[in-house]
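One line per chain: the protein sequences are A and B, in this order.
Mapping of the first sequence onto this note's numbering: residues 40 to 204, in sequence order.
Mapping of the second sequence onto this note's numbering: residues 6 to 93, in sequence order.
Calculated directly from the structure, the hints in this document are not laboratory data.
Be aware that a few hints might be false.
To be verified - Computed spacing ranges between beta-carbons, pair by pair:
# : chain 1 : residue 1 : chain 2 : residue 2 : range
1 : A       : C176      : B       : N65       : 42 to 50 Å
2 : B       : R22       : A       : G51       : 23 to 31 Å
3 : B       : S55       : A       : A184      : 22 to 30 Å
4 : B       : D72       : A       : A185      : 22 to 30 Å
5 : B       : D56       : A       : T62       : 54 to 62 Å
6 : B       : T34       : A       : M40       : 37 to 45 Å
7 : A       : G127      : B       : R46       : 43 to 51 Å
8 : A       : P82       : B       : G45       : 40 to 48 Å
9 : A       : G66       : B       : G23       : 29 to 37 Å
To be verified - Residues of chain B placed beyond 12 Å of chain A at every Cβ, according to the derived structure:
#  : residue
10 : M6
11 : I8
12 : G23
13 : E25
14 : V26
15 : T32
16 : R46
17 : G47
18 : G48
19 : G49
20 : A52
21 : N65
22 : T70
23 : V71
24 : A77
25 : G78
What the hints assert, rightly or not - For the chain A half of the interface with chain B, some residues (derived, Cβ under 8 Å), not all of them:
#  : residue
26 : F57
27 : I130
28 : H139
29 : R157
30 : A158
31 : K162
Just so you know, even glycine gets a beta-carbon here, dropped at the ideal spot from N, CA and C.
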Amino acid sequence: MIRVQSEDFDIGAEIAQFTQGRTDVGGLCLFVGLVRDVVGDAPLEALVLEHYPQMTERELRRIEEEAHRRWPLLDTLIIHRHGRLKPGDRIVLVAVCSAHRQAAFDGCRFLIDWLKTRAPFWKREEAGGQHRWVAACDADLGIAAAWGDAPDDGGEARARLPGGR
Amino acid sequence: MSISILYFAWLRERAGRGEEVVSPPPTVTDVAGLIEWLRGRGGGPAAALSDLRAVRIAVNQEYATVDHPVTAGDEVAFFPPVTGGGGR
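Construct the complete structure from the given sequences, taking the supplied hints into account.
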C-alpha cells in the first residue's frame with residue numbers, strides 16, 4: 040500500500056495494522072527515515088519536502104510492483120510525508136513482510152533505495168536563515184543501480200538535446 | 006496547441022511559477038522543441054531551463070527524454086533529480 044501525506048504516522052499502529060489478521064508472515068522488516076539535525080556546520084531548522092502528487096503515486100506503485108516481482112513478499116507498505124518537517128521528525132516508513140526474513144530484508148532495502156532515486160520528491164533545507172535545495176547524491180544512484188536494472192529517470196536532459204545545449 | 010507545464014523545486018523558484026498553460030506553434034513537436042521555444046520566450050522559465058544538466062523531464066507523469074513527442078493536452082514537468090526518502 041502507498042500513502043503520501045503531510046501528517047505524521049505512528050510506527051507501532053502502522054505495523055500492527057499491516058499484519059493484522061495474518062498468520063502467514065514469518066518476518067517483517069521496516070525502515071524509517073528521519074530528519075537529521077545538522078546540515079554542514081549549521082543546525083537545521085526545517086526540512087521542506089515538495090512532491091509531484093500524481094507522479095509520486097504512480098512511481099511508488101511501480102517500485103512496489105517491482106519489489107513484488109523480485110521477491111516472494113506477502114505485503115508492502117510505503118508511507119512518505121511531504122511539507123515542512125523538523126529535526127527528529129519521521130519522513131518515510133517502508134515495511135515489508137514475507138514468509139522468510141531474507142526476502143523481507145532485501146525487499147525493504149530495495150524499496151528505500153529505489154524510492155530515493157525515482158520517486159519525485161525534493162528536499163529543501165532551512166538553516167541559518169537561508170534555504171538550500173538538497174542535491175541528488177551520486178552514492179544513492181550507485182546504491183540503487185546495484186540492485187540491477189537501474190531505474191531510468193531520463194538522465195541529463197542536456198545530453199540528449201540536439202547540439203548538447 | 007495547449008500544453009500544461011509544471012516546474013518543481015528550484016526550477017519552480019527560478020521560473021517564478023509552479024505551472025502554466027502554453028500554446029506553442031505547431032512546429033513544436035517534441036520536448037526539445039518545447040524547451041527551445043520556452044527559452045526563446047524569455048523570463049523566469051527561460052532562466053530555469055538555461056542549463057539542463059540538472060533538469061529531469063516527465064511527460065504525463067512518466068520520466069521522458071527531450072526526444073519525447075508533445076501534443077495538445079500533454080502535461081510536461083521540469084524538475085531537478087529527486088531527493089526523497091531519508092537516512093542518506
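Going through the hints against the structure:
no. : hint                       : verdict
1   : A/C176 / B/N65: 42 to 50 Å : 28 Å, violated
2   : B/R22 / A/G51: 23 to 31 Å  : 42 Å, violated
3   : B/S55 / A/A184: 22 to 30 Å : 29 Å, holds
4   : B/D72 / A/A185: 22 to 30 Å : 28 Å, holds
5   : B/D56 / A/T62: 54 to 62 Å  : 56 Å, holds
6   : B/T34 / A/M40: 37 to 45 Å  : 40 Å, holds
7   : A/G127 / B/R46: 43 to 51 Å : 44 Å, holds
8   : A/P82 / B/G45: 40 to 48 Å  : 44 Å, holds
9   : A/G66 / B/G23: 29 to 37 Å  : 43 Å, violated
10  : M6                         : 20 Å, holds
11  : I8                         : 16 Å, holds
12  : G23                        : 9 Å, violated
13  : E25                        : 15 Å, holds
14  : V26                        : 16 Å, holds
15  : T32                        : 14 Å, holds
16  : R46                        : 16 Å, holds
17  : G47                        : 16 Å, holds
18  : G48                        : 18 Å, holds
19  : G49                        : 16 Å, holds
20  : A52                        : 15 Å, holds
21  : N65                        : 9 Å, violated
22  : T70                        : 5 Å, violated
23  : V71                        : 5 Å, violated
24  : A77                        : 19 Å, holds
25  : G78                        : 15 Å, holds
26  : F57                        : 19 Å, violated
27  : I130                       : 4 Å, holds
28  : H139                       : 25 Å, violated
29  : R157                       : 7 Å, holds
30  : A158                       : 5 Å, holds
31  : K162                       : 5 Å, holds
In summary, the numbered hints that this structure violates are 1, 2, 9, 12, 21, 22, 23, 26 and 28.
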